[in-house]
Amino acid sequence: MNCEALHSRLLGSEKPDRLTAEVAAHLKSCAACRKWQRRLVHLERNVALLPVAPAPRGKAEFVRQFVAAELEPLSAEREAPSESTNGVTTVQTWKFEKLATALRTSLQAPRATLNAFPAPARRRIAAVLAASLLLLAFGLWINSPTFPFTPKPPDPLLASVVERDLRLAAAKSPSERVETLADLADDLQGSTRSLINHGQPDDLKALANLYEQVVRDGIVAQASSLSPAEKARLLKGIAQRLADAGDEAEKLIKVLPESSAAPLNIIVRAARDGDRDLRNLL
Amino acid sequence: LAPREETKLLGEEHVLIHAAQLGDRNAFAILVERYWDRLYRWLFHMTHDAHAAEDVVQETFLRAFAGLKLFRAGSNFRAWLFRIAHNCFVNQRRVANRKSQAYPDDLANDEDGPEECALSREAVQMLARAVGRLPNEFRAAFLLRAEQGMSFRQIADILDLTEETARWRVFKARQKLLTVLAPQLDREKP
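Line order of the protein sequences matches chains A and B.
According to this note's numbering, the stretch in the first sequence is residues 1 to 282, in order.
According to this note's numbering, the stretch in the second sequence is residues 1 to 190, in order.
Calculated from the structure, these hints are not laboratory results.
Take these hints with a grain of salt, some might be off.
As the list claims (entries may be wrong) - Pairs of lysine to aspartate or glutamate residues, derived as EDC-like cross-links and limited to a Cα-Cα distance of at most 20 Å, are as follows:
1) A/K35 x A/E14
2) B/K176 x A/D17
3) A/K59 x A/D17
4) B/K69 x A/E72
Unchecked claim - To give a feel for the contact side, a few chain A residues facing chain B, derived at Cβ under 10 Å:
5) H42
6) A170
7) P174
Claimed, not checked - Derived list of chain A stretches under chain B, where covered just means 3 residues or more per stretch with a C-beta under 8 Å from a C-beta of chain B:
8) 47 to 54
9) 182 to 191
10) 230 to 244
Where a beta carbon is used, it is the ideal one built from N, C-alpha and C, also for glycine.
Generate the whole structure from the sequences, applying the supplied hints.
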């Protein structure tokens with residue numbers, strides 16, 4: 001393990017102070033990395049010391065009012081899923097293609113068609129669209145060769161893409177669409193390592209194409225219709241996230257087999273172009 | 001917490017949640033006492049505004065109480081609360097156009113950490129500013145990891161991400177903070 005790989009391993013580790021044997025062996029022989037690891041651990045431990053202003057009304061007053069039933073419960077939130085969708089990303093290429101088609105529908109519908117309808121009709125259409133995407137999600141699952149004999153763990157990326165797509169369909173403004181698309185781009189980019197680690201080059205290529213589509217036809221296209229205030233609020237941060245994604249993909253190219261280079265180059269190019277186009281809109 | 005203590009607290013929590021699900025406000029108030037500070041700290045760092053953070057904390061608990069019947073026994077209550085808080089925070093950010101306060105440099109630091117790992121006051125202020133400058137998405141994930149000790153899987157559930165994206169956001173936050181703070185950290189006594 002070289003120093004760069006060690007840094008990467010620790011930055012992505014849940015607990016940088018708990019060392020695997022391989023990491024410990026490297027640290028033992030490398031003073032610079034020992035110092036770097038100490039800095040990282042030191043930094044995280046001190047986050048708990050960050051100053052926080054006291055709450056103006058305070059916990060005690062809230063508790064008093066709540067127990068005295070002076071505060072009414074607000075409408076319920078949907079329950080957070082308790083069981084994680086943790087698992088290896090196993091989306092197959094054909095699923096990406098179907099998802100890309102569904103995304104295209106969602107991206108185009110609100111701009112080209114839905115806005116022509118009055119708001120109540122738009123909501124009905126969005127609901128129908130959301131329902132059809134749910135059917136698509138169910139279809140993707142049920143058409144698996146293993147169904148119904150083997151229970152399948154939910155695929156986190158698939159679940160995320162479908163959910164973002166539903167949010168896109170229901171989005172009421174360009175800014176909501178841009179934010180959802182930026183999260184989707186993050187999810188796709190974040191899954192590249194997992195696909196590479198599990199040796200799925202076709203999936204990686206499909207993911208890279210979808211990433212490019214989300215950035216170019218989604219984020220950048222929608223960003224141009226934002227108001228100046230929304231551009232100022234949103235675009236700098238998203239451009240930075242794209243720049244980071246491009247840097248990360250470029251780093252991966254240097255350390256991975258050549259078969260992964262072409263799809264990662266698509267991601268690098270899409271992220272850099274997206275970063276530049278968004279900054280040009282500011 | 002020691003594992004035994006943690007098991008005991010979780011057992012108590014289960015009883016409290018069950019009572020609160022039946023409408024017992026006193027039981028829910030104990031849960032509020034237990035989680036208020038953690039939620040408030042996280043939201044303060046997200047909003048940089050004590051009023052906004054407190055509003056979101058209150059909204060979170062009131063929504064949680066209303067939705068408690070939907071909470072499944074055995075699920076992670078803390079992660080569930082943080083997820084509601086995150087949704088409230090996102091809505092608040094969209095709706096309200098509150099002006100952010102500058103990061104409060106002169107706040108008293110009322111929490112003592114272990115002496116051997118405590119940074120100087122100046123370094124803590126630098127760390128606070130650097131954390132405050134992280135993009136929201138990275139800051140939310142990083143603070144859940146570093147301050148709340150949550151796993152990437154829990155962070156992903158709360159922020160509605162894949163686990164890989166949660167890991168990536170913590171990775172980037174750490175990388176950015178180290179880049180900014182390295183000279184200061186080197187000056188500090190290890």
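Hints and how they fare:
1. For the given pair, A/K35 sits about 19 Å from A/E14 by alpha-carbon distance, which is consistent with the 20 Å threshold.
2. For the hint linking B/K176 to A/D17, the alpha-carbon distance of about 19 Å falls within 20 Å, and the restraint holds.
3. For the proposed pair A/K59 and A/D17, the alpha carbon gap of about 34 Å is over 20 Å, so the pair is violated.
4. Restraint check for B/K69 and A/E72: satisfied, since their Cα atoms lie roughly 16 Å apart, inside the 20 Å limit.
5. Of the supplied interface hints, the one on A/H42 holds, with its beta-carbon coming within about 6 Å of a beta-carbon of chain B, less than 10 Å.
6. Against a cut-off of 10 Å between C-beta atoms, the interface hint on A/A170 is violated, since the closest Cβ of chain B lies about 14 Å away.
7. Taking 10 Å as the C-beta contact cut-off toward chain B, the hint placing A/P174 at the interface is violated, the least distance being around 13 Å.
8. Only when three residues or more bring their CB closer than 8 Å to a CB of chain B does the claim for the stretch 47 to 54 of chain A stand; here the count is 8, and the claim holds.
9. Residue count for the stretch 182 to 191 of chain A with a Cβ under 8 Å from a Cβ of chain B: 6. That meets the three needed, and the coverage hint holds.
10. Three residues within the 8 Å Cβ limit are the bar, and the stretch 230 to 244 of chain A against chain B gives 4, so the coverage statement holds.
Figure legend: structure checked against the earlier numbered hints; hints not met, in rising order: 3, 6 and 7.
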